[in-house]
Amino acid sequence: MSGPDAYERSRACPVLHVDMDAFYASVALRDRPDLQDSPVFVGGGHRGVVLSANYLARARGVRSAMPGSRALRLCPEAVVLAPDHAAFATVSAAVMETFRQVTPLVEGVSMDEAFLDVSGAGRLLGTPLAIAEQLRARIADEQRITCSVGVAATVSVAKLASTRAKPDGVRVVAPDEVVAFLHHRDIGDLYGVGEKTRDRLRRQGYLTVGDLARTEVGVLRRDLGEHLGPHLHTLAWGADRRQVRSRHAPVFAGVTHDPDKSMGAQSTFGRDTADRAVVLRELLRLTTSVTGRLRTAGVAGRTVALTVRFSDFTTLTRSRTLGEATDVTQEVFAAVVALHDALSLRGDRLRLVGVRVEGLQARAGIHHQHVLGEREVGWAEADRAVDQAARRFGPAAVRPASLLGG
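In this note's numbering, the protein residues as written are 1487 to 1892.
No lab work stands behind these hints, which were simulated from the structure alone. Warning: the hint list may mix true and false statements.
Calculated lysine to any residue pairs in the SDA-like style (CA-CA distance at most 25 Å, straight line) [stated by the list, open to error]:
1) K1682 to V1703
2) K1652 to E1663
3) K1682 to H1719
4) K1747 to A1850
5) K1652 to V1566
Pairwise CB distance ranges (calculated) [claimed, not checked]:
6) G1704 to R1546: 40 to 48 Å
7) S1830 to T1683: 53 to 61 Å
8) R1671 to G1809: 57 to 65 Å
9) G1756 to A1568: 31 to 39 Å
10) G1704 to T1683: 17 to 25 Å
The beta-carbon is built from N, C-alpha and C at its ideal position, and this holds for glycine as well.
Using the sequences plus the hints, can you model the full thing?
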C-alpha cells in the first residue's frame, strides 16, 4: 500500500511487527565504516555457526545458522567478526524500551523483533503507518541500525508484511488486501510454518497459501490433524485472532544486561548541542519519565546510567551505584548531573542523551534508612503527589518548572 491515503487506510491495522535488519551484523558494523562495503558475518569461528550476515554476504548465499566453514567457502573474501553479546543485549534493550514508550503492549519475540499493538496510541502519535515510520526513524538515529515494519490487522499478516518490507522498509496490508497478499505465496511463507510442516504440506499437495484457503476445513482435519488443519486454514485467510501479549524477549545466556532489571529512555536532539542548560533540561525530562514509570511498575533501582552520543557518533555510557535503591526523580537526576559533569565536556556537541536505572527490585521490599534531621515529607512524597495528579488530570498536569513551556 502506498500513496497519500495509505495513512488513513492503515487505521484498520493496529498490529505492527518490527524486525531489525541483519541485527547482529548491523550492530557489529556500527563503528566499522571501513567494512560498510564488504561482505561480513558475525560468529562462525572454529566449528561455529553464523549468527548473522550483512546483505552483501547474504547475496553470496551466507545465512544464519550456517556452519562458518561453509560460509567461507561460499564467500571467501568475507570478514568474520566475533559476537559482542553485551552490545547486542544493550541495543536490544534500548530498542524494546523505545517500543514501550509508544505502547505497553509489546511482545518481544526475540532480541531483534517484536509485535506491537498500537490501537491505543493513535490519538497521541497518529496512524499505525505514521507510528511505524516514527519508530524506524528513531531506531536509525538513536541506534544507527535499520528495521523493517509490517503493519496489518492481525499478527500473522503483520509478520509476513515485515518480511516483504526488508530491508529498511515498511509494508501496510489493509484487511481488503489480505487475500491478494497471501494466497499466491509459497506455503512455507505462512506464519508458524517451519521446514518440517512445509515439507509435509508439499507432500500432500498444498503448495501455496491459496491451496490451503480453498480446501474445506474437514479435509484439512483429515490431512493435517484436528488442530493443525483448522489453524492453518484460519491463517491462510489472515483471520487469526491472537492478541499481542506484553512480554520481554529472551536474551543471551550469560549476558548481564537484563531488560527486566532496567528501565530507561533516550532522546536525540533536533540539532547537536554543547549547551549545558539544554542538555540538563533534556536529562531532567528523561529522568522524570523514567522514574514515573518505575513508580508505576512498583520498582526501584540502585544504579543510574547516563549515555551520551557525540556529533561524530562516538557513544559513552557512565554509571553510578547509589547507597540504596530509589525511584525518586530528584535523587536519580542528581546522579545523572554528577555523571554528566564528570565527563568534563568542553564544548563537545552532543547528538543524543539517555538515562537508565538498573538493578531493579520491588519497591515494597526496600527499607529506607532515615538519617538524623531528615524531613518526614520530602521528594518521594512530592513525586507521588505528582503521580496522583497525572492519573487524574493527565501527564502534563504537573511538571518541573524548568520543563514548562518546553
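Each hint, compared with the structure:
1. Distance hint between K1682 and V1703 is fulfilled; the C-alpha atoms sit about 21 Å from each other, no more than 25 Å.
2. Using a Cα cut-off of 25 Å, the hinted pair K1652 and E1663 holds, with the two alpha carbons roughly 19 Å apart.
3. The hinted pair formed by K1682 and H1719 meets the criterion: a straight-line CA distance of about 18 Å does not exceed 25 Å.
4. A hinted pair counts as satisfied when its Cα atoms are at most 25 Å apart, and K1747 with A1850 qualifies at roughly 16 Å.
5. Restraint check for K1652 and V1566: satisfied, since their Cα atoms lie roughly 23 Å apart, inside the 25 Å limit.
6. For the pair G1704 and R1546, the supplied restraint of 40 to 48 Å holds, since their beta-carbon distance comes to about 46 Å.
7. The hinted range of 53 to 61 Å is satisfied by S1830 and T1683, whose Cβ atoms lie roughly 59 Å apart.
8. Between R1671 and G1809 the beta carbons are some 58 Å apart, a value that agrees with the proposed interval 57 to 65 Å.
9. In this structure the supplied range 31 to 39 Å holds for G1756 paired with A1568, their Cβ-Cβ distance being about 37 Å.
10. Remark: the range hint 17 to 25 Å for G1704 to T1683 is upheld by a beta-carbon distance near 20 Å.
The structure fails none of the hints (numbered hints given earlier).
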